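Protein chains: 4
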Amino acid sequence: MNNLVFQKNRDLDLIALGRLAVDLNANEMGPMEETSTFSKYLGGSPANICIAVSRLGLKSGFIGRVADDQFGRFIINYLKDSGIDYSNVTVDESGAKTGLTFTEIKSPTDCSILMYRYNAVDLKFDICDVKEEYIKRSKAILISGTALAASPSREAVFAAVELARKHKTVVFFDIDYRPYTWKSVEETAIYYSLLAERCDVIIGTREEFDMLEMISDPDNEDDDVTANKWFDYNAKIMVIKHGKEGSYAYTAEGKKYTGAVFPVIPVKTFGAGDSYAGGFIYGLMQGYDPGKAMELGAASASIVVSSHSCSDAMPDINKIHRFIKQYDGEKSYDVKNI
Amino acid sequence: MNNLVFQKNRDLDLIALGRLAVDLNANEMGPMEETSTFSKYLGGSPANICIAVSRLGLKSGFIGRVADDQFGRFIINYLKDSGIDYSNVTVDESGAKTGLTFTEIKSPTDCSILMYRYNAVDLKFDICDVKEEYIKRSKAILISGTALAASPSREAVFAAVELARKHKTVVFFDIDYRPYTWKSVEETAIYYSLLAERCDVIIGTREEFDMLEMISDPDNEDDDVTANKWFDYNAKIMVIKHGKEGSYAYTAEGKKYTGAVFPVIPVKTFGAGDSYAGGFIYGLMQGYDPGKAMELGAASASIVVSSHSCSDAMPDINKIHRFIKQYDGEKSYDVKNI
Amino acid sequence: MNNLVFQKNRDLDLIALGRLAVDLNANEMGPMEETSTFSKYLGGSPANICIAVSRLGLKSGFIGRVADDQFGRFIINYLKDSGIDYSNVTVDESGAKTGLTFTEIKSPTDCSILMYRYNAVDLKFDICDVKEEYIKRSKAILISGTALAASPSREAVFAAVELARKHKTVVFFDIDYRPYTWKSVEETAIYYSLLAERCDVIIGTREEFDMLEMISDPDNEDDDVTANKWFDYNAKIMVIKHGKEGSYAYTAEGKKYTGAVFPVIPVKTFGAGDSYAGGFIYGLMQGYDPGKAMELGAASASIVVSSHSCSDAMPDINKIHRFIKQYDGEKSYDVKNI
Amino acid sequence: MNNLVFQKNRDLDLIALGRLAVDLNANEMGPMEETSTFSKYLGGSPANICIAVSRLGLKSGFIGRVADDQFGRFIINYLKDSGIDYSNVTVDESGAKTGLTFTEIKSPTDCSILMYRYNAVDLKFDICDVKEEYIKRSKAILISGTALAASPSREAVFAAVELARKHKTVVFFDIDYRPYTWKSVEETAIYYSLLAERCDVIIGTREEFDMLEMISDPDNEDDDVTANKWFDYNAKIMVIKHGKEGSYAYTAEGKKYTGAVFPVIPVKTFGAGDSYAGGFIYGLMQGYDPGKAMELGAASASIVVSSHSCSDAMPDINKIHRFIKQYDGEKSYDVKNI
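Those protein sequences? They're chains A, B, C and D, same order as listed.
For the first sequence, the positions run 14 to 351 when this note's numbering is used.
For the second sequence, the positions run 14 to 351 when this note's numbering is used.
For the third sequence, the positions run 14 to 351 when this note's numbering is used.
For the fourth sequence, the positions run 14 to 351 when this note's numbering is used.
Honestly, the hints are just simulated from the structure, not real lab data.
Predicted model only: the values in this text are computed from it and were never measured.
Please note that a few of the clues may not be correct.
[Stated by the list, open to error] Restraint-style ranges between C-beta atoms, simulated for each label pair:
hint	chain 1	residue 1	chain 2	residue 2	range
1	C	233	D	267	36 to 42 Å
2	A	146	C	128	48 to 54 Å
3	B	245	C	119	56 to 62 Å
4	B	22	A	237	29 to 35 Å
5	D	44	A	196	34 to 40 Å
[Stated by the list, open to error] Calculated lysine to any residue pairs in the SDA-like style (CA-CA distance at most 25 Å, straight line):
hint	chain 1	residue 1	chain 2	residue 2
6	D	249	C	175
7	A	196	D	104
8	B	305	B	264
9	D	249	D	270
10	D	93	D	329
11	A	196	B	196
12	C	269	C	334
13	A	119	D	40
14	D	93	A	44
15	A	179	B	198
16	C	196	C	107
17	A	179	B	224
18	B	181	A	224
19	D	149	D	104
20	A	93	D	49
21	A	257	A	123
Beta carbons: idealized from backbone N, C-alpha and C, even for Gly.
The following block holds chain A by itself, in its conformation from the complex (with noise of 0.2 Å):
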């Protein structure tokens, strides 16, 4: 049980926003001055959050923008593959790029990407492609913090939620902060604070929720003043995450949960925020109570860190069950084996 109404006879449970990207991994260890070839994957937050999602089971949605080009229709195809609605996603005829996330595993602790992002189409999305009718079909939508980042994306973003809370969408806030695309720290604050006071599930590492209130609020590290200041708007679930120590679920009710850690030595870092929220959402969808529901995050992240791609390596639901119960302790985890 939790504290979240979903609105029933919607056909679609999520509806992801903003970035649809490429992930090029690169196949060999090393830096990537050295390594040679690359796999492509479907990439971004947004992106890998609803596969994610999708793969456990919900039905889901996406609003944003491909490039009129290969990347662009690999990204349209491979939503239709995995049951994604891609009614919404337009084709962009401004000539902006794809955006690409090249990484490099040079250990699996030592990660490192470099990024494509000039003239990005994500942000191209805007306000015209956020359709009233669409919104109200879904129970939900997610928002990831990068499409604040630029106009006019950023304005979307906020009709989205407008129109989302006129028809009792749930708002589901995954910060989701890259300072590279972004002009300021002071910039990135104001969007993501106007943004905050709207949603209804906030989730974000100590850091973020730190930057979010830097203007307001700058001296303040207490999870429980954070917890409240959004309770004050019109949160109900709050989720600060502290790395390896765990994290920590609060809900406007005054309940706090402390989430479940399964440590695995990582092939790489990158995709584990998405898969925990992937699996977390899809927890708090259920029905099932934060804590619960942050289990499910957090063994969803620890079987994609113990594999080569995002996108690719989103669990289903009995994978997830299979390797809770079998975990014991940390070490590294044979995932296709699960």
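Please arrange chains B, C and D on chain A, whose structure you already have, making use of the hints.
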């Protein structure tokens, strides 16, 4: 009496933010193609309002940027000579230029303007220009909507309002919608709404409120519905203007006031809104009820449209009182003789 | 007699290309912070030269763009009233603005300007605005160097010169270097050199030629070396100006002429170069030798600097002849009485 | 024997300027929507030509910019490992990105590409990166036309050619027209023409020369007319390519050579032009007549199109000789066994 609470022991009454510009008013009547000389005045809606309240006796200050050139120095000198605190007006060094407004008066009721707004310096003021200590020194701040038209001015406004709310500094919002400074009406609606939620007093025309509501409630044209919408957030007083038909003020406590009107045969139409806002804000800060404050605003507007300039023509309180006393119907006043 | 060959049977004498702008000259002496009124004039170096030769009796035309607003219409009207063919002046619809030059005259020798050049419409004229049929109708074209400062005007100039050479239309090049319109001196040197190679007559100051040669021959300061460098390409007449010390004209046949000077006590320094170029070009097109042409240019310059405006003050040929006849040393002329 | 004069006592044979990029070639055949892995290679026309001549034994260098990231370091390492002097390759710190070319091979004759060129670092090399001392050290420089597509690279090329002419460094110009990097064909024609006037050897297709002449001589399609046009400026050798129908070389002295062709069944079509230019330039620098040089170019091209990559596949001189000797008609060569 009104429902606003101004903090005591603050050395400034009102800080205006945003546009400091130059008006170049044609000295001759007729189309600008044919006019040959122009007179230079301080311009910009918040600048005019700041001058207006200052002339009425309030202690005011300004947060904004001026160009590092002759026009920038002219503006600083003008503020200084008007007794306005300019300690938080920054000289911009990026090469941005003072916004210019050339005006032509083809006839008293057919006036038009030619704007120079590329790389306008007034939109360059940023979060760093907004000092918490300064906001704390004032009883109220004034936001003029054009400051929301572009970054970094847009973010600076949200930061200023956040700090004002933290320190119980009253926030006045004059919508002041200028289509040419915006990319689209949808974008305008988004940011105006986000700001309106945070303000104590909102002043706008019926058309401006229609635009604010175009995403959340596109079919509404009812002043009562509009007023109540913003009372649900933080507004305490709402003014909705209907041009020559007069204005209405609403309070969060449910009172409605009909504003006085003083029709005159104008020299030009520019400056009516700014002088109205100046008189109205002054009245509220004196503790008058909204009806009385609207009367001061309307008289001030009638005086200003009877003069050649905006900023230079802002009346003092004695002139307003004389005007009201002597007013006896729509005719051309010889304002200098009041 | 001179060495230029103008094609017969062409209905236009000279087509100027590029800048059509507005000058706003302070009516009062003193720093612009304190001046209160401005008078409006046509401005821009090629516009002024075009007016100058037109007043001297040449049939001239213009290729360029004006803004779709009151200032654009003012410029078209001015050209029309001056008898200049404006059939190839395009009204730009991109939202670009007329370049503005505010001038202040602190003293006759201490003048400065404030430029508005962001998104200047004069730099928007493009290759499509340059019609081969029009270039073919004229005996000569005039390029003013500022038109090279940005695309698409830059490419339009090279296209016009290519067509002029194809049709034996003489190319005059007035270097007219304005640092504020360029990104770097190196860039300027590159494009000025590329253009200079293609021109028949080049007019510039010693400092301007130093800049042209900064990449190919950075140490040269010798006028003879400079003149010969460009005679190796296509130049036939070179004018190198040394301010008050006078000017020198060189011909490809090896002759050198020393220009006359008519020192006067100026009202302001603006417009000297444009009126000089106008008189000089007129003289060459009359078939005078370069020495005589320089005398007309120098007299015209002295008349213009004794007046408040540039374009309005351009003299006719009778006034120039009277000035030369009456000149008797450096003193303030009452130009209106000549 | 040919008509080019290379200065003796210079420690570099050829300096290439401009594009250093990364190719990401799909490893699988088929549309890129479906390919899943990519192999990384050095790319960019002048980079490929530089690699080609280096592998043939010339001492070469490069002037250009690379990104301050993993791809930039990969490029530097590749040049270093190829024995190319990279002392004048600058690491750009503006945030510009390495240009990327994703290639797909749907069939040997149906290949297409997907370019990432926003804020491409190769177009950021500027006049300051072009050192007179370095140009003086080389017998020849190579300009690839794409470097003219934007500032500041455009101006850097003109500066380099000016310095090359000053120091009798031979200038090779490979037109290499890529429409997607340019704003309009007219703009391209202007800059290509300005550059072509200054070059000693010009290599292009018939279509490329048609574009160069579109302003000055739009109706010409005759190779002889084209060749003579540029001989009137500074050209000594002109190569005009007609695809599979072969190529023709002209000399300023009036000789014409028909190039050899070695038809093969290609793996892909990429890289043909670059390897051709590499072999041809090498031949001319060995003092061979243009016919012999074209044979080397054609053989090199046939070898490269039979391989998966461009840069990696550039042959050494022994391989070219073996290929020519063994060639016996159009069939698929097993290039690795030559």
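Structure-based check of all given hints:
| no. | hint | verdict |
| --- | --- | --- |
| 1 | 233/C <-> 267/D: 36 to 42 Å | holds, 37 Å |
| 2 | 146/A <-> 128/C: 48 to 54 Å | holds, 51 Å |
| 3 | 245/B <-> 119/C: 56 to 62 Å | holds, 58 Å |
| 4 | 22/B <-> 237/A: 29 to 35 Å | holds, 33 Å |
| 5 | 44/D <-> 196/A: 34 to 40 Å | holds, 37 Å |
| 6 | 249/D <-> 175/C | holds, 22 Å |
| 7 | 196/A <-> 104/D | holds, 23 Å |
| 8 | 305/B <-> 264/B | holds, 14 Å |
| 9 | 249/D <-> 270/D | holds, 14 Å |
| 10 | 93/D <-> 329/D | holds, 18 Å |
| 11 | 196/A <-> 196/B | holds, 20 Å |
| 12 | 269/C <-> 334/C | holds, 24 Å |
| 13 | 119/A <-> 40/D | holds, 23 Å |
| 14 | 93/D <-> 44/A | holds, 18 Å |
| 15 | 179/A <-> 198/B | holds, 20 Å |
| 16 | 196/C <-> 107/C | holds, 23 Å |
| 17 | 179/A <-> 224/B | holds, 17 Å |
| 18 | 181/B <-> 224/A | holds, 23 Å |
| 19 | 149/D <-> 104/D | holds, 23 Å |
| 20 | 93/A <-> 49/D | holds, 17 Å |
| 21 | 257/A <-> 123/A | holds, 16 Å |
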